[in-house]
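Peer 1: Chain residues, written in single-letter form:
Number of protein chains: 2
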Amino acid sequence: MARHRYLVAYDISDPVRLRRVAKTVEDYGERIQYSVFLCDLSRADLAELQWRLNRVITTSADHVLFVDLGIPSQVTFEFLGHRRPLPPTGARVV
Amino acid sequence: MARHRYLVAYDISDPVRLRRVAKTVEDYGERIQYSVFLCDLSRADLAELQWRLNRVITTSADHVLFVDLGIPSQVTFEFLGHRRPLPPTGARVV
Numbered sequence: 001m002a003r004h005r006y007l008v009a010y011d012i013s014d015p016v017r018l019r020r021v022a023k024t025v026e027d028y029g030e031r032i033q034y035s036v037f038l039c040d041l042s043r044a045d046l047a048e049l050q051w052r053l054n055r056v057i058t059t060s061a062d063h064v065l066f067v068d069l070g071i072p073s074q075v076t077f078e079f080l081g082h083r084r085p086l087p088p089t090g091a092r093v094v
Numbered sequence: 095m096a097r098h099r100y101l102v103a104y105d106i107s108d109p110v111r112l113r114r115v116a117k118t119v120e121d122y123g124e125r126i127q128y129s130v131f132l133c134d135l136s137r138a139d140l141a142e143l144q145w146r147l148n149r150v151i152t153t154s155a156d157h158v159l160f161v162d163l164g165i166p167s168q169v170t171f172e173f174l175g176h177r178r179p180l181p182p183t184g185a186r187v188v
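Here the protein sequences line up with chains X and S, keeping their order.
Residue 1 is where the first sequence starts when you use our numbering, and the numbers rise one by one after that.
Residue 95 is where the second sequence starts when you use our numbering, and the numbers rise one by one after that.
It is possible that some hints are incorrect.
[To be verified] Heads up, incomplete: computed chain S residues facing chain X, CB under 8 Å, no partners named:
| # | residue |
| --- | --- |
| 1 | 127 |
| 2 | 144 |
| 3 | 147 |
| 4 | 148 |
| 5 | 153 |
| 6 | 154 |
| 7 | 156 |
| 8 | 157 |
| 9 | 172 |
| 10 | 173 |
| 11 | 174 |
| 12 | 175 |
| 13 | 176 |
[To be verified] With the Cβ distance kept under 10 Å, some of the chain S side facing chain X (calculated, not the full set):
| # | residue |
| --- | --- |
| 14 | 103 |
| 15 | 155 |
| 16 | 171 |
Derived by calculation from the structure, the hints in this document are not laboratory data.
Beta carbons: idealized from backbone N, C-alpha and C, even for Gly.
Bound conformation, chain X alone (with noise of 0.2 Å):
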């Protein structure tokens, strides 16, 4: 089953709840910044993913987006100032 590249972005109002996120997201990805991941997912994997953080977040007041970028190497970021590494498929630095 192909992996996809998701960019995965929350905002989560209570800090439980948010550490609960962080955790879960964790299991499927690298964090690339305080509230955003980078997950290589199959459709199983994000299906499990989404129904494990739907357990975790509160739906009238969280909101956590999943941006399916397409094949790993094929996807293109640009930074500016501090950034951390990115999974292994690189990325370029402006």
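Starting from the known structure of chain X, fit chain S onto it as the hints suggest.
Peer 2: Below, chain S alone, put in the same frame as chain X:
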């Protein structure tokens, strides 16, 4: 000049710079999360935005990420929880 949709996300460690970065990015797109924007930009717009942000951030402490999502209509978003409307081309709510 073809416009691509960029996801712009930032980690800014100082509240004053944070406000200035948000104000700057607001000139180029729409906020979809607290520190995540979608901006439909030509390469010239992107260069201008990066130039303006470089004058605001502290590169040793702050971090701005630009992800080229390609042509706006081809981008796939999924959301969990409460969300803000996206710019005109749509998203799929899970």
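Peer 1: Each of the hints needs a verdict: does it hold here or not?
Peer 2: Cross-check of the supplied hints:
1. 127: Result: holds, 5 Å to nearest chain X Cβ.
2. 144: 6 Å, holds
3. 147: 6 Å, holds
4. 148: 6 Å, holds
5. 153: 4 Å, holds
6. 154: Result: holds, 6 Å to nearest chain X Cβ.
7. 156: 5 Å, holds
8. 157: Holds - the Cβ of residue 157(S) comes within 8 Å of chain X, reaching about 5 Å at its closest.
9. 172: 4 Å, holds
10. 173: 6 Å, holds
11. 174: 4 Å, holds
12. 175: For residue 175(S), the interface hint holds, since the closest Cβ of chain X sits about 4 Å away, which is under 8 Å.
13. 176: 5 Å, holds
14. 103: With a closest approach of 5 Å, the residue 103(S) hint holds.
15. 155: Residue 155(S) check passes; min Cβ-Cβ to chain X is 6 Å, inside 10 Å.
16. 171: 6 Å, holds
Checked against the numbered hints above, the structure violates none of them.
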